Structures are given as C-alpha cells and as structure tokens.
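Enquirer: Here are the chains, one letter per residue:
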Amino acid sequence: MIRIEHLTKSFGGIHAVNDVSFEVERGSITGLIGPNGAGKSTLFNMVAGLIRPDSGRVWLEDENITGRRPHQLFHRGLVRTFQIPHEFTRMSVRENLMVVPPAQSGENLLQSWLRWGKVRREDRAVLEKVDEVLDFLEIGHVADERAGNLSGGQKKLLDLGRTMMTDARIVLLDEPGAGVNRTLLGKISDAIRRLNTERGYTFCLIEHDMDLISSLCHPVHVMANGMLIASGSMDEIRNNEEVREAYLGGGISGRMGASA
Amino acid sequence: MKLLEANGIYGGYGGADILKGATVQVDQDEIVVIVGPNGAGKSTMMKAVFGLLHVRQGEVLYKGKPITNGKPEQMVRLGVAYVPQEKNVFPSLTVEENLEMGAFLIRGDIRPRKEKVYEVFPKLRERRKQQAGLMSGGERQMVAMGRALMIDPQLLMLDEPTAGLSPRLIDETFERIIRIRDLGIGVLMVEQNAKQALAIADRGYVLATGTNRYEDTGPNLLANREVAEMFLGG
Amino acid sequence: MELAGIAAYLVSFFTFVGIYAILALGLNMQWGFSGQFNIGVAGFFAVGAYTSAILTTPESPWHLGGYGMPFLVGIVGAVVASALLGLVIGWITARLRTDYLAIATIGIAETLRLIVANERWLTNGVRGMSGIERPYADFFAALGLSSAMGSLIVVCAFLVLVYFLVERARQSPWGRVQRAIRENEPAAEASGKNIGRFRLEAFVVGSAIMGLGGALYAHYFGFLSPEAFLPLYGTFLVWVMLIAGGSGNNKGALLGAVIIWAIWSGSEFLMSTALPEALSGHAGPLRVLLIGVLLQVILIKRPEGLLPETTPKTVPFGKRD
Amino acid sequence: MDLLIDLIQLSVYGVVLGSVLALGAIGVSMIFGILRFAHFAHGDLMTIGAYVGLSFIMITDAPIWWALPAGMLGAALTALVVDQAVYKHIRRTQPVILLISSFGMALVLRSIVQIVWGPSVQSYPTGIQRPWWVWEIAIVPTHIWIILATIVIVTALHLFLTRTRIGKAMRAMSDNMDLALVTGIPAERVVMITWLIGGALAAGAGVLLGIDSRLTPTMGWNILLPVFAAAILGGIGRPYGAIAGGLVIGLAMEISTLFLEPSYKPAVAFVIMVAVLIVRPQGIFKGAL
Chain U
1 MIRIEHLTKS
11 FGGIHAVNDV
21 SFEVERGSIT
31 GLIGPNGAGK
41 STLFNMVAGL
51 IRPDSGRVWL
61 EDENITGRRP
71 HQLFHRGLVR
81 TFQIPHEFTR
91 MSVRENLMVV
101 PPAQSGENLL
111 QSWLRWGKVR
121 REDRAVLEKV
131 DEVLDFLEIG
141 HVADERAGNL
151 SGGQKKLLDL
161 GRTMMTDARI
171 VLLDEPGAGV
181 NRTLLGKISD
191 AIRRLNTERG
201 YTFCLIEHDM
211 DLISSLCHPV
221 HVMANGMLIA
231 SGSMDEIRNN
241 EEVREAYLGG
251 GISGRMGASA
Chain Y
261 MKLLEANGIY
271 GGYGGADILK
281 GATVQVDQDE
291 IVVIVGPNGA
301 GKSTMMKAVF
311 GLLHVRQGEV
321 LYKGKPITNG
331 KPEQMVRLGV
341 AYVPQEKNVF
351 PSLTVEENLE
361 MGAFLIRGDI
371 RPRKEKVYEV
381 FPKLRERRKQ
391 QAGLMSGGER
401 QMVAMGRALM
411 IDPQLLMLDE
421 PTAGLSPRLI
431 DETFERIIRI
441 RDLGIGVLMV
451 EQNAKQALAI
461 ADRGYVLATG
471 TNRYEDTGPN
481 LLANREVAEM
491 FLGG
Chain F
495 MELAGIAAYL
505 VSFFTFVGIY
515 AILALGLNMQ
525 WGFSGQFNIG
535 VAGFFAVGAY
545 TSAILTTPES
555 PWHLGGYGMP
565 FLVGIVGAVV
575 ASALLGLVIG
585 WITARLRTDY
595 LAIATIGIAE
605 TLRLIVANER
615 WLTNGVRGMS
625 GIERPYADFF
635 AALGLSSAMG
645 SLIVVCAFLV
655 LVYFLVERAR
665 QSPWGRVQRA
675 IRENEPAAEA
685 SGKNIGRFRL
695 EAFVVGSAIM
705 GLGGALYAHY
715 FGFLSPEAFL
725 PLYGTFLVWV
735 MLIAGGSGNN
745 KGALLGAVII
755 WAIWSGSEFL
765 MSTALPEALS
775 GHAGPLRVLL
785 IGVLLQVILI
795 KRPEGLLPET
805 TPKTVPFGKR
815 D
Chain L
816 MDLLIDLIQL
826 SVYGVVLGSV
836 LALGAIGVSM
846 IFGILRFAHF
856 AHGDLMTIGA
866 YVGLSFIMIT
876 DAPIWWALPA
886 GMLGAALTAL
896 VVDQAVYKHI
906 RRTQPVILLI
916 SSFGMALVLR
926 SIVQIVWGPS
936 VQSYPTGIQR
946 PWWVWEIAIV
956 PTHIWIILAT
966 IVIVTALHLF
976 LTRTRIGKAM
986 RAMSDNMDLA
996 LVTGIPAERV
1006 VMITWLIGGA
1016 LAAGAGVLLG
1026 IDSRLTPTMG
1036 WNILLPVFAA
1046 AILGGIGRPY
1056 GAIAGGLVIG
1066 LAMEISTLFL
1076 EPSYKPAVAF
1086 VIMVAVLIVR
1096 PQGIFKGAL
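Residue numbers (our numbering), protein chains in the order written: chain U, 1 to 260; chain Y, 261 to 494; chain F, 495 to 815; chain L, 816 to 1104.
None of these hints come from the bench; they were simulated from the model.
Since the structure is predicted, the reported quantities are computational estimates derived from the model, not experimental observations.
Careful, some of the hints might be misleading.
Claimed, not checked - Cross-link-like lysine-lysine pairs, in silico, DSS-like; alpha carbons within 27 angstroms at most:
id, chain 1, residue 1, chain 2, residue 2
1, U, LYS118, U, LYS129
2, Y, LYS331, Y, LYS280
3, Y, LYS280, Y, LYS262
4, U, LYS187, Y, LYS280
5, Y, LYS376, Y, LYS347
6, U, LYS187, U, LYS129
7, Y, LYS347, Y, LYS389
8, F, LYS795, F, LYS745
9, F, LYS745, U, LYS129
10, Y, LYS280, Y, LYS455
11, U, LYS118, F, LYS807
12, Y, LYS389, Y, LYS376
13, Y, LYS280, L, LYS903
14, Y, LYS280, Y, LYS325
15, F, LYS745, L, LYS903
16, Y, LYS262, Y, LYS347
17, U, LYS118, F, LYS745
18, Y, LYS455, Y, LYS347
19, Y, LYS383, Y, LYS323
20, F, LYS807, F, LYS745
21, F, LYS795, Y, LYS331
Claimed, not checked - Some residues of chain Y that are not near chain U, with every Cβ distance over 10 angstroms (derived):
id, residue
22, GLY272
23, ILE278
24, ASP289
25, PRO297
26, LEU321
27, ILE327
28, GLU333
29, ASP369
30, VAL380
31, ARG385
32, GLU386
33, MET395
34, ARG441
35, GLN452
36, ARG473
37, PRO479
Backbone N, C-alpha and C define an ideal beta-carbon position, used for all residues, glycine too.
Based on the provided sequences and hints, a complete structural model is requested.
Expert: Laid out in structure tokens, this is it:
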C-alpha cells in the first residue's frame, strides 16, 4: 500500500536515513524498531510529509506522494499520530475529535453563516461518530474534559481517536506506547488490533515496547545507523545476531544521526 | 552514608507519572549506570534527581541531607554536575568560555580548575579559542563534560554521554569516564549502549516503566540472560 | 446635569461603545479565535473610515471625493477596502512568527497614518476631512428622532449583525478549526486542515469588521483626521477591551468595550472635576497611564479576562449520560 | 555632480541616524535573545533616557555630554523597575503576553514623560553648530561626537560581553536557557542585568537622537519601527548584526529623501523590513551575541 524506495536523508553530513526501502502491505500492522538514533522517526517524518527526503520516493498505491504536505496526505487517506501526543489543549475532548472530519460544509464560513441548519445537521452526524469513537476507546467519561487535562495515556487514545474520525485507512503511529502505563497500553494495543481486523485499517508503527510489537506486528523491520538491517516476523528478528548487537550496542559502527 | 540516594521517586511532566517508585543510589568512587528500554524513565529519573522535574513522592538525599525538589543552582553549589543529553554546550561561546560558565558559581581564581580539565581533556587546550558550536560531536561531548568538571564535583550525572558518537569515540568516552571516577568522583549515567556501559560500571540499574527491575554489579547484569531479553522483549 | 444632557451623553456613550465593540469583535476573530497578533487595528480602522468618507462626501477642493454615493455603498466600500488590505497583509505575514506579525502590523498601521497625514490630495492631511454626513439622519428625523439617536440605532444594528456573524463563526466547524490551529498547529495540519487558508480567512474577515467600525465612526463623528488613528485610540483601547473582557469570548469583547469605555470616558469626567489644579494640565496622559496600568494588572492577575473562553455548545441534543 | 554631493551628504546623516538605530536595535536584540519577545516599550525607554539626560544637565549645569551617562542610568533603572514590577510576573506565561504588556508599557512610559516634562518640544543646548566643510560636504561637530559616542558605547558593550563573567553568562543564556540553568547560572540576576544594559543602550540612542534633533514625548515611539527594522535586518537576537542593520536602515532612510517626502522615512524602514521578512525570515547577517 505504501512503498518506500531508497529514502535517504542527511543532517549536517550525517546519514540519518540511508537508502531504506520497504513496503507496508494492505491490511498489515507493520512494525519499525531500532535503537535510539537509528533514523526511525526521520523516516516516519519523511513518509508523513514533514521532512523532505534528499533522495528516494514514497508511493501510496500508485501515486508518488514524496514531499506532499501532511494535510494533502490526509486527504489521500494517510494520517499519523505523534510520539508526544498533540492534543488541542484548551478544547474539549469531544471538540478535539469533531475538528477532524474532512469536508464539513461548516468549515466554509459562508455556509456557516447562511446555511446553519445544514451545518448543524452535519454536526449532529459528526457527533454521533464522535460518541461512537469515544465508546470504542472507552474514554466517553472524559468527553467534556479539556484535552490538556487528560493523562498521557488518555491523550494517546485521543490521538488514535482522531485517526478514527477520518476515512483514512492507513495510519502511521509514532510510539503509541511511549510513556503509557500497562493497563492503558493493553487498551491501546487492543484498539489497534480491532481497528485492523474489524475495520480494515493498515498500520505502520514505531515502537520500543517489545511486548506490543511482538503481539501486534507482522512483519517487523529493524533499523540501525539509518539503514534497514533486518525484516521478518518477530521470531526471526529475535534470533538475528545483527539485531541483537544493534540493540545491545557496541558491534555496529557509525551509530550516528538524529535521535528517535 | 551514600553520596546520593533517590528513593521511591514518583513524578512526570504533568499528567501521568513516568517514574513510579524508582530508586537509584550512588557512592563515591563508583560508576553507576541506568539502562532500560525507551520510555522506561531513565532520563526522567536524572532530571528528577537534579531538580528539573517535580518529584511528587519519594525523597532525594545528598550525603544524607534531603534535597528533594531542590533548584539546579542549589545542586551545583552542593557539588553535583549534570550533563544533559543534547544541546549540552553553549555553541556561540568558545571552549574556554564554556568552561568558565561551568564555574560561574565559583568565587576566586578558576585557572587551576581549568588546568585540571585540560589535563583530563588535552584536546580542549588546543581548541580553547574555538567556538563550541563549530566542533564535532565527540569534541562537544568533551566540552560538555569539561564544563561539568569545572565545579570540581563530587557527583557527575551524564545523560547518554555516547549518543550519536562513533564506536571509537564511544570507547574513548568510556575510558574518560573511568578516569573521572578514579579522581574520586561518583558518576551516575544513563546509557543506550548498554553492553559497554555495563562493562565499565561498578553497579547498574535496569529500569522499565518507571520502576527498578534489576540491580546488580555491571558484569553480573551483563551476564544475566533475562536482562538481555528485556531489550528485545519476550 | 439636566436630564436631556444625561440622555445625550448616554447616546454618545453607547454609540462609541458600539463602534469599539465592533472593533473588538474584529480583533477577537484574529486574536481570540485564530491567535494572530494584530496591533495595527488603527490601520484597518482608518482605511474603513476614509474609504466610506471619500465615497459618500460631496465634492470638495480639499481632498479626493465628490462621488456622493449612498451610505450603504460607503459601508460596503469600507468593508471591501479593509478586507483587501487584510488580504495583502495576511498573505505577506502568513509565514511569520508572532513577534514579526506584530511588528509588521504596527508598521503598516503607522505607514497608513503617514499616508493619511501627508497625502493631502487624498485626505486633506492633518487638517482632516470634515462634513461627512449622517445620511441616515433624514430617515430618523421623519421618525422624530435626533440624528445622534439615529447613529446609535445604526451602530447598534450593525453591532448586532456583526455579533451574530462572529458568534456563529465561533460556534461553527470553521471556528473549531481556528481554535484547533491556535492550540496545536502540527496536529491541525495532520488532521488535514489547510492552515494557511484558515488563518488568512480569519485575518481578512477580522480586518473587514474593523473597516466597518471605521466607516461607522466616520459618519457618526463627521470629521476625520490622522489624530483619531493614533495607536492609542485605534489599537490600544481595543486590545485592552478584548483582554479585559476575555479574548476568545465574544460576550467578553462586548463587556470589555462597555467597561473600558466607561473607565476611559469616566476618567475624563473625573479628571476634569476632581484633579488638583497643579495636575489639571495632565489629564490626558494621566488617563492613558490609568488604562496602561489597568492592562498590566489584568495581565498579571486575570490574563484570561472577566469572561474566559467557553466551549461552544456543540451538542444540539444531549446524548451524554 | 550635485547628486553625488547630495548622496554623500545624506550618507553622513545616514551614518548618524544609523548609529542611533544601532544602539536601540542592540538592546531590542539582546532582550529578544534572552527573554524571547519583541520589546515594544523600547522606544519609550529611549525617550525617558533623553529627558532624564536633559534634566540632569539643566539642573547641574554640566556640559552637554554628561547627559549621556545620566540618561543611561535613568533609563536603565526605569527598565529594571518595569521588569521587576510587571514583566517578572508574566515571564513564565507565553511570550506573547509579554508582548502585549510591553505594548501597554510603552503608553505608560510615554504618559509619564508627558506628565513629568510636559508635552511641548524641548531641545539640548548644543549652541550654534558651525559645520566644517570638507570639499562640499558639511560636517556638523555634534555628528562626529554622536558617531564617536556610539563607537565608545558599542566597544564597551563588546568588552563587557566578551571579557566579563556576567557578560559571558548573558551570551550563554541567549544560546541555551536550559543549559544555563543546569550550569548554575542565576537566570534572574542575568535577566536583571540584561534590562539594565538594554535600558542604558536605549537611553544612549535617545540622548544622541535628542542632541541631533529635538525632544518630544513621542520621539522614541516614532523611531521604534526603524529600530525593529534594524534588529530584524541584523537577525533578531544577534546584537552585532543589529549594528550593521542600523547602518543599512539609517542610510536607506536618509538617502530616500532624495526622491520621497522626508516624513516617509519610517515607511522606508518598514518596507525594507517587510522585504527582508519575506525573503529571509531569519534576518540577513549571521552572528551571535
């Protein structure tokens, strides 16, 4: 579904990402792991349109999406979440989700002024969707809370909820488990799995929590020093000597570049 | 009496706690390493100890005296120096000026201290008039550590001192850390290069999801099969 | 004071409040909703005022004009002209960080004031434009009302219209996106919103509303000179009103306009009567000092204003437990 | 030929104006570097400095140049008081709140000037200025003194920033506030010193401007825009760039009078600034505190 071809990016002469290629299959939950500074986030940001690659291409289906802005990618069905949750701080949780659906006619100011009835009708439909998402994520009890007051894990769920408010079916998750306690982590991974099996979402995620990776992801790609060093199932990865070295440090030369 | 004790620390960046009862202790003359998966709260622990993050519960003791939620300035006065992970030099200042900033709180002649740092890092003497921002990653790390040594600390806290360095420089850095320890300075550091760090450590802690999982001598932790597993799960 | 005097005073008081409330609502659109820092309100105010004045006044040897257009054409002209100005400035400053936007907007306002003061063919310069009529006076005279009263009614009518439009904008999905962009730009972009477009829209509509305020001022006051568009009157008071009332909250903007104008005009009255003789020559600066200190106190003690921003009632039906 | 003479003559004026702008812009730049906001009351600090200097020499009957240290002291203390009374309390909120506050503070300072010194135009007793003629260029003695005074002040600042402990700490804080804190640099004290120096530099600009022309309560506000333009042109947060920025803006403003009404001078500065912001939002000159 997403095809990454020979992506390369340097910062100040250091290869953060060096000629990486792989594919994210439709309907998969693809994992991307690697030690800090391996270039995972840089790669992610290139796919998500925040950083322009020095060379290489990103394809979505058969369309070249290299260098597209995030809002353009959004309208092609590709959305992302952030490592540190990005909530709309002083807006309620419900509003946070209501912002997302594209092509709301009320986003046009003239329509809002002149066709209030239609705008309200649409809002009602959006609200129903919001409530459904809140129920799905089991955070309905904080719907009227300011998003800034949520706990870190709840914000992660809200981030995931925002992706559910779209028609997008390919979601890039940047460390969905970072800084989240065990209980919520279970909830998050559960939500990801259900979205994948029940609703046909495709996920590509960066994660450090190996439990989450091994329970969810297939296949898993491993990066180190800006390069792809292994791909396969979690079991194959686990028995790969090079991966072991990369994670425990020492063996791999030139471990440089942007931090994850 | 321990040099530093941080017992049962709870805290985070607002919202949920990242640290959930983590404990770390350092003696004089020892290198203590904190390792663990990302998001375990390693760097957070360092910040909590140094007063950069609010400790919600638990206590930090320095030479037996409580210093929980002290100001960084106070820590420096007590003789604790901290080197953050990134952006740990003043880029527009020269090497020498960076060192002088390290000794900002010291009254009196700081030249002997500078000399002492130049002895540990001879390269810095050659480059003392150079702007720190124009130096390589390895050299910057030397400047950062030299800056921290200027207060003649009893405890040196290093947050991932080898991040982004090549293997040769990593080895050099660890050698220097051993020399610093041999000067009688306690070293507390967080490391991603767990294998090497544990190899030089007198003691190590493995942190996961904000709590202590393992605590042992460096070599013992290295030999521990379960600890190795932690980095790849399962 | 006689009853008639009090009544006349109240009419003038509320007319000014109405005009300032319109300006504050325009600023709320830019700052309160969208987080765009415009301290060149006076510039848009001036463009609106002069545009309507030039379009509607009879021919004069002293300045451009003689088009003798109807009142509503003047109003529309003012709105369009200030919207166009907002479009140009908003487009130039779209990529700038807050501080630069602030400097750029005050720069354009000061430059416009220089043009107004120096281009005598256009505006009669510092001598000002006089004889701007209240074209609605005849209509109200027929109803037995004074033209001052007529001005108040006209201003209030426009205020109601503007309030309605701005409040609906706030409650609409459009306003929701504006607040989302203000709160977290990367997340808004990741949610598929074209940030540049939304920003520009808020800036342009806010500018147009300020232009409308300018036009109403011109017809009410009947005389325009660069003095009226000093940053003090045109920009500073409006900002204090919005901050005091509560930025992001349209009712706050209204409340701020009433309270601050009451303090501002009340202080004039107070100082003309109660000031010791030695200070009587300093009434003007003392009033500015008072408002300036008031702003600092609000920023320190209650930065969210008297009426803090609220969440719009997005839920037309209550599904919540 | 005449055009060339005009051009040179205007360039001399431009350097004089540029000196004044540079002193103001350095202060704006320093405050931005450390506190991260554009200080809108800076022009009115200039005004305060000019008036304090004038009062000092009037009261003590001292020679005119004594106005410079007196005004600098007065404005430095004013800046410190303003910071401690107001800015200090809102420093932990968003920088934009400081921006609004300083905009209000500009009016507060101006009204204080009006109350203390009155609204009328005043001037320094420079006496009759007999120009020296070099070729066909008139050079007024005070202009030489203004440029020299600027050089002295800038040199002193340079020595302060590069030779003293506290000066280096200021540069360190503008480089990296977080690192400065963990190094043990006392941030509040450095901020206070920043205000003292920023205020003193503003007053330097104000007194020199007052000597060159006249004093009005709005003199500082009227020159604020060119000062900002100079700071932005130099790369805001970079004081040495501000010097170059000041000279470029000063020259452009004076030379523009060849073909524009002199009253449009601030607009010229503004247009240059906008052009710079469009092309290079970071400013033109590279350098650091």
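Enquirer: Against this structure, judge whether each hint is valid.
Expert: Comparing the hints with the structure gives:
Distance hint between LYS118/U and LYS129/U is fulfilled; the C-alpha atoms sit about 17 angstroms from each other, no more than 27 angstroms. Our distance criterion of 27 angstroms between C-alpha atoms is met by LYS331/Y and LYS280/Y, whose separation comes to about 22 angstroms. The hinted pair formed by LYS280/Y and LYS262/Y meets the criterion: a straight-line CA distance of about 22 angstroms does not exceed 27 angstroms. In summary, the hint linking LYS187/U to LYS280/Y is supported, as the alpha carbons are separated by about 20 angstroms, within the 27 angstroms threshold.
For the hint linking LYS376/Y to LYS347/Y, the alpha-carbon distance of about 24 angstroms falls within 27 angstroms, and the restraint holds. Among the hinted pairs, LYS187/U with LYS129/U is consistent with the structure: their alpha-carbon atoms are about 20 angstroms apart, no more than 27 angstroms. Only pairs whose Cα atoms come within 27 angstroms are accepted, and LYS347/Y paired with LYS389/Y is accepted, the gap being roughly 20 angstroms. Pair hint LYS795/F plus LYS745/F holds up; C-alpha atoms about 20 angstroms apart against a cutoff of 27 angstroms.
For the hint pairing LYS745/F with LYS129/U, the CA-to-CA distance comes to about 31 angstroms; that exceeds 27 angstroms, so the pair is violated. With a CA separation close to 25 angstroms, the supplied pair LYS280/Y and LYS455/Y stays within the 27 angstroms bound. Restraint check for LYS118/U and LYS807/F: the C-alpha separation of about 16 angstroms stays at or below 27 angstroms, so the hint holds. With a C-alpha separation of about 17 angstroms, the suggested pairing of LYS389/Y with LYS376/Y holds against the 27 angstroms cut-off.
The hinted pair formed by LYS280/Y and LYS903/L fails the criterion: a straight-line CA distance of about 35 angstroms is larger than 27 angstroms. The suggested pairing of LYS280/Y with LYS325/Y holds, with an alpha-carbon distance near 22 angstroms, which does not exceed 27 angstroms. Pair hint LYS745/F plus LYS903/L does not hold up; C-alpha atoms about 30 angstroms apart against a cutoff of 27 angstroms. For the hint linking LYS262/Y to LYS347/Y, the alpha-carbon distance of about 30 angstroms lies beyond 27 angstroms, and the restraint is violated.
For a cut-off of 27 angstroms, the pair hint linking LYS118/U to LYS745/F stands: about 25 angstroms separates their Cα positions. Between LYS455/Y and LYS347/Y the CA atoms are separated by roughly 25 angstroms; this keeps the pair inside 27 angstroms, and the hint holds. The hinted pair formed by LYS383/Y and LYS323/Y fails the criterion: a straight-line CA distance of about 34 angstroms is larger than 27 angstroms. For the proposed pair LYS807/F and LYS745/F, the alpha carbon gap of about 15 angstroms is at most 27 angstroms, so the pair holds.
With a C-alpha separation of about 26 angstroms, the suggested pairing of LYS795/F with LYS331/Y holds against the 27 angstroms cut-off. A beta-carbon of chain U comes within 10 angstroms of the beta-carbon of GLY272/Y; the shortest separation is about 7 angstroms. Not every Cβ of chain U is farther than 10 angstroms from the Cβ of ILE278/Y; the closest lies at roughly 6 angstroms, contradicting the non-interface assignment. No Cβ of chain U comes within 10 angstroms of the Cβ of ASP289/Y; the nearest lies about 25 angstroms off, and the non-interface call holds.
The beta carbon of PRO297/Y is not kept farther than 10 angstroms from every beta carbon of chain U, the shortest such distance being approximately 5 angstroms. Consistency note on LEU321/Y: stated as away from chain U, and its beta-carbon is indeed over 10 angstroms from all of that chain's, at 27 angstroms minimum. No beta-carbon of chain U is positioned within 10 angstroms of the beta-carbon of ILE327/Y; the least distance is around 26 angstroms. The claim that GLU333/Y is not at the interface with chain U holds, since no C-beta of that chain comes within 10 angstroms of its own (minimum 28 angstroms).
Non-interface status of ASP369/Y relative to chain U is upheld: no Cβ of that chain comes within 10 angstroms, the nearest being about 38 angstroms off. For VAL380/Y, the shortest C-beta to C-beta distance to chain U comes to about 24 angstroms, beyond the 10 angstroms cut-off, and the non-interface label holds. For ARG385/Y, the shortest C-beta to C-beta distance to chain U comes to about 26 angstroms, beyond the 10 angstroms cut-off, and the non-interface label holds. For GLU386/Y, the non-interface assignment is confirmed: its Cβ lies about 23 angstroms from the closest Cβ of chain U, beyond the 10 angstroms cut-off.
Look at MET395/Y: its CB is around 12 angstroms from the nearest CB on chain U, clear of 10 angstroms, so calling it non-interface holds up. The non-interface label for ARG441/Y is consistent with chain U: the shortest C-beta to C-beta separation is roughly 20 angstroms, beyond 10 angstroms. With a least CB separation of 5 angstroms from chain U, GLN452/Y falls inside the 10 angstroms interface cut-off, contrary to its annotation. No beta-carbon of chain U is positioned within 10 angstroms of the beta-carbon of ARG473/Y; the least distance is around 13 angstroms.
Under the 10 angstroms C-beta cut-off, the non-interface status given to PRO479/Y relative to chain U holds; the minimum distance is some 15 angstroms.
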